[in-house]
Amino acid sequence: MNASYLPSDYLPVLIQLGLALGFIITTMIVTHSIGPKRKSQKKDDPFECGIPVEGDARTPISIKYFLIAILFVLFDVEVIFLYPWAVNFKGLGVTGFIEMVLFMGLLLAGFYYIIRKGVLKWE
Amino acid sequence: MDLTIFIVKSIIILAVFGISLLIATYSTYVERKVAAFMQDRIGPDRAGPWGLLQPIADAGKMFFKEDFIPAQASKWLFILGPALAMLTALMSSAVIPFGDSIRFDNYDIPVQGIEINIGVLYIFGVVSLGVYGIMVGGWASNNKFSLLGAIRAASQNISYEVALGLSIIAILMMSGSLSVRAIVEQQAEAGFLGWNVFTQPLGFIIFLTCAFAECNRTPFDLPECETELVGGYHTEYSSMKLGFYLFAEYINMFVSSAFISSLYFGGYHYPFMEQISNALTNSLGAVTGHNVATAIGTAAFFGKIFFFIFFFMWVRWTVPRFRYDQLMNLGWKILIPLSVLNIIVSASGLLFNGMKYASWLIVIVATVLAIMSNSRAPKGQVSPQRS
Numbered sequence: 001m002n003a004s005y006l007p008s009d010y011l012p013v014l015i016q017l018g019l020a021l022g023f024i025i026t027t028m029i030v031t032h033s034i035g036p037k038r039k040s041q042k043k044d045d046p047f048e049c050g051i052p053v054e055g056d057a058r059t060p061i062s063i064k065y066f067l068i069a070i071l072f073v074l075f076d077v078e079v080i081f082l083y084p085w086a087v088n089f090k091g092l093g094v095t096g097f098i099e100m101v102l103f104m105g106l107l108l109a110g111f112y113y114i115i116r117k118g119v120l121k122w123e
Numbered sequence: 001m002d003l004t005i006f007i008v009k010s011i012i013i014l015a016v017f018g019i020s021l022l023i024a025t026y027s028t029y030v031e032r033k034v035a036a037f038m039q040d041r042i043g044p045d046r047a048g049p050w051g052l053l054q055p056i057a058d059a060g061k062m063f064f065k066e067d068f069i070p071a072q073a074s075k076w077l078f079i080l081g082p083a084l085a086m087l088t089a090l091m092s093s094a095v096i097p098f099g100d101s102i103r104f105d106n107y108d109i110p111v112q113g114i115e116i117n118i119g120v121l122y123i124f125g126v127v128s129l130g131v132y133g134i135m136v137g138g139w140a141s142n143n144k145f146s147l148l149g150a151i152r153a154a155s156q157n158i159s160y161e162v163a164l165g166l167s168i169i170a171i172l173m174m175s176g177s178l179s180v181r182a183i184v185e186q187q188a189e190a191g192f193l194g195w196n197v198f199t200q201p202l203g204f205i206i207f208l209t210c211a212f213a214e215c216n217r218t219p220f221d222l223p224e225c226e227t228e229l230v231g232g233y234h235t236e237y238s239s240m241k242l243g244f245y246l247f248a249e250y251i252n253m254f255v256s257s258a259f260i261s262s263l264y265f266g267g268y269h270y271p272f273m274e275q276i277s278n279a280l281t282n283s284l285g286a287v288t289g290h291n292v293a294t295a296i297g298t299a300a301f302f303g304k305i306f307f308f309i310f311f312f313m314w315v316r317w318t319v320p321r322f323r324y325d326q327l328m329n330l331g332w333k334i335l336i337p338l339s340v341l342n343i344i345v346s347a348s349g350l351l352f353n354g355m356k357y358a359s360w361l362i363v364i365v366a367t368v369l370a371i372m373s374n375s376r377a378p379k380g381q382v383s384p385q386r387s
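These protein sequence lines are chains C and G, in that order. For the first sequence, this note's numbering gives the first residue as 1, with consecutive numbering after it. For the second sequence, this note's numbering gives the first residue as 1, with consecutive numbering after it.
If you are wondering where the hints come from, they were derived from the structure by calculation, not from laboratory data. Treat the hints with care, since some could be wrong.
Derived lysine-lysine pairs resembling DSSO-like cross-links, with alpha carbons at most 27 Å apart [claimed, not checked]:
no. : chain 1 : residue 1 : chain 2 : residue 2
1   : G       : 65        : C       : 64
2   : G       : 356       : C       : 42
3   : C       : 43        : G       : 61
4   : C       : 37        : G       : 144
5   : G       : 356       : C       : 39
6   : G       : 356       : C       : 90
7   : G       : 333       : C       : 121
8   : C       : 43        : G       : 333
9   : G       : 144       : C       : 43
10  : G       : 75        : C       : 37
11  : C       : 37        : G       : 356
12  : C       : 37        : G       : 61
13  : C       : 42        : G       : 333
14  : G       : 75        : C       : 42
15  : G       : 144       : G       : 75
16  : C       : 39        : G       : 61
Construct the complete structure from the given sequences, taking the supplied hints into account.
Here you go:
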């Protein structure tokens with residue numbers, strides 16, 4: 001295992017990306033061109049279990065989902081802060097651990113507040 | 001990086017790419033066979049011997065179906081959705097170490113597409129982009145069922161991602177590196193019992209649960225739950241676009257099985273590997289012996305992957321689907337606090353004379369608490385009481 005990493009070590013990511021893109025684009029074009037195409041008024045409507053279509057799907061949705069998304073942004077950023085500490089855990093020792101426990105305590109305090117506010121309550 | 005290594009790398013990437021497509025294709029067949037076995041049926045048996053050509057027949061059928069785009073849909077986003085889902089699924093297999101290394105005259109090339117020091121972050125990054133594929137596709141369909149499925153999927157995936165990220169921090173503390181290969185090597189140091197599944201049982205359970213939720217597999221398949229949402233986010237899709245969504249799910253299953261095996265089950269290591277490897281190098285010579293030992297390790301790794309793919313299917317026919325509030329409560333109120341607790345206990349254990357097995361403490365306490373609360377609960381509450 002080499003200790004230092006050069007930018008060229010990341011080059012295979014591009015190979016993989018190229019392969020995946022090539023596969024997807026080819027498949028999409030092929031399946032688009034060899035299938036049959038028949039259009040009709042009823043068939044082009046969105047599927048609603050056979051009843052007449054009422055409006056479209058550009059409707060407001062429950063605020064719960066947006067709250068979850070906002071909470072995710074907050075918590076995921078805090079999780080990412082934990083990663084550098086975890087990697088350097090042995091070097092930072094007890095001091096680092098105490099600092100991180102304080103950090104996680106703040107995180108959990110916020111978490112407790114969210115639960116008490118009823119943000120995560122789904123009925 | 002000189003040209004020879006570059007070419008060998010490209011060949012390895014091509015092989016990994018092909019293998020993940022092949023395994024995903026045959027997972028559809030195995031899933032149907034396993035389902036049939038569990039339900040005492042025969043399963044697909046018409047195309048080829050034992051129905052072995054069934055996946056090829058399915059793929060052919062999907063190619064020749066009509067590529068349907070609803071009139072109200074946003075056309076380009078509708079095409080982009082499955083393409084994104086497939087792209088992220090195909091990209092994630094690159095950093096998984098499939099074996100030790102292949103030895104040429106003077107080269108030592110690891111059996112791994114991309115050997116980078118941020119492998120774990122790479123996988124998390126690519127996997128979390130996968131939710132865009134579902135979200136974009138479901139929204140672009142302009143269908144209410146698709147929209148509901150897409151929103152459920154997005155909300156579920158991001159909720160479980162927090163716990164997923166927290167659950168492996170204890171592993172990173174032990175390995176001190178974000179490279180998947182370094183994590184695999186670190187597990188082998190203490191032999192068979194040093195595998196992370198023995199040092200981090202709680203982290204393993206949390207990770208496994210989150211992996212099920214991230215792959216949208218039963219019992220967390222609410223985004224495509226057919227009793228409520230017709231087909232979920234892919235209701236309006238047909239032909240190979242639908243195929244891409246289904247295929248991406250199987251590739252994700254393969255990648256998460258491989259990731260679980262390398263994080264918790266020692267990757268390409270197996271019990272008594274050292275002795276077997278030494279015996280091979282002594283009898284076959286340094287180069288051939290090493291390569292044969294690598295091949296055995298890779299075979300062991302694929303054995304673990306296949307077990308976990310089977311496990312995914314086994315659970316599908318064993319556990320019923322969760323309700324949406326139960327899913328959210330499990331993710332936020334149980335898994336996240338548990339994984340924070342796991343981090344703190346494991347960290348204190350490691351600081352306190354480097355004890356790796358501190359996580360067992362939580363498991364034992366949790367088991368005792370569960371037994372106690374079970375024995376204290378009043379009997380006969382199973383039947384609903386009439387007023």
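Status of each hint after checking the structure:
1. 65(G) <-> 64(C): Roughly 38 Å separates the two Cα atoms, so the pair is violated.
2. 356(G) <-> 42(C): With a Cα-Cα distance of about 64 Å, the restraint between residue 356(G) and residue 42(C) is violated, given a limit of 27 Å.
3. 43(C) <-> 61(G): holds (21 Å)
4. 37(C) <-> 144(G): The given pair, whose Cα atoms are some 25 Å apart, holds under the 27 Å limit.
5. 356(G) <-> 39(C): violated (64 Å)
6. 356(G) <-> 90(C): At roughly 13 Å apart (the allowed maximum being 27 Å), residue 90(C) and residue 356(G) satisfy the hint.
7. 333(G) <-> 121(C): Holds. Residue 333(G) to residue 121(C) sits at ~10 Å (cutoff 27 Å).
8. 43(C) <-> 333(G): violated (44 Å)
9. 144(G) <-> 43(C): Holds, at about 16 Å.
10. 75(G) <-> 37(C): Roughly 16 Å between the alpha carbons, so the hint for residue 75(G) and residue 37(C) holds.
11. 37(C) <-> 356(G): This hinted pair is violated, its Cα atoms lying about 62 Å apart.
12. 37(C) <-> 61(G): Distance ~15 Å between residue 37(C) and residue 61(G) Cα, so the pair holds.
13. 42(C) <-> 333(G): violated (46 Å)
14. 75(G) <-> 42(C): Holds, at about 18 Å.
15. 144(G) <-> 75(G): holds (17 Å)
16. 39(C) <-> 61(G): Answer holds: residue 39(C) to residue 61(G) is near 20 Å, not above 27 Å.
Hint compliance for this structure: hints 1, 2, 5, 8, 11 and 13 are broken, all remaining hints hold.
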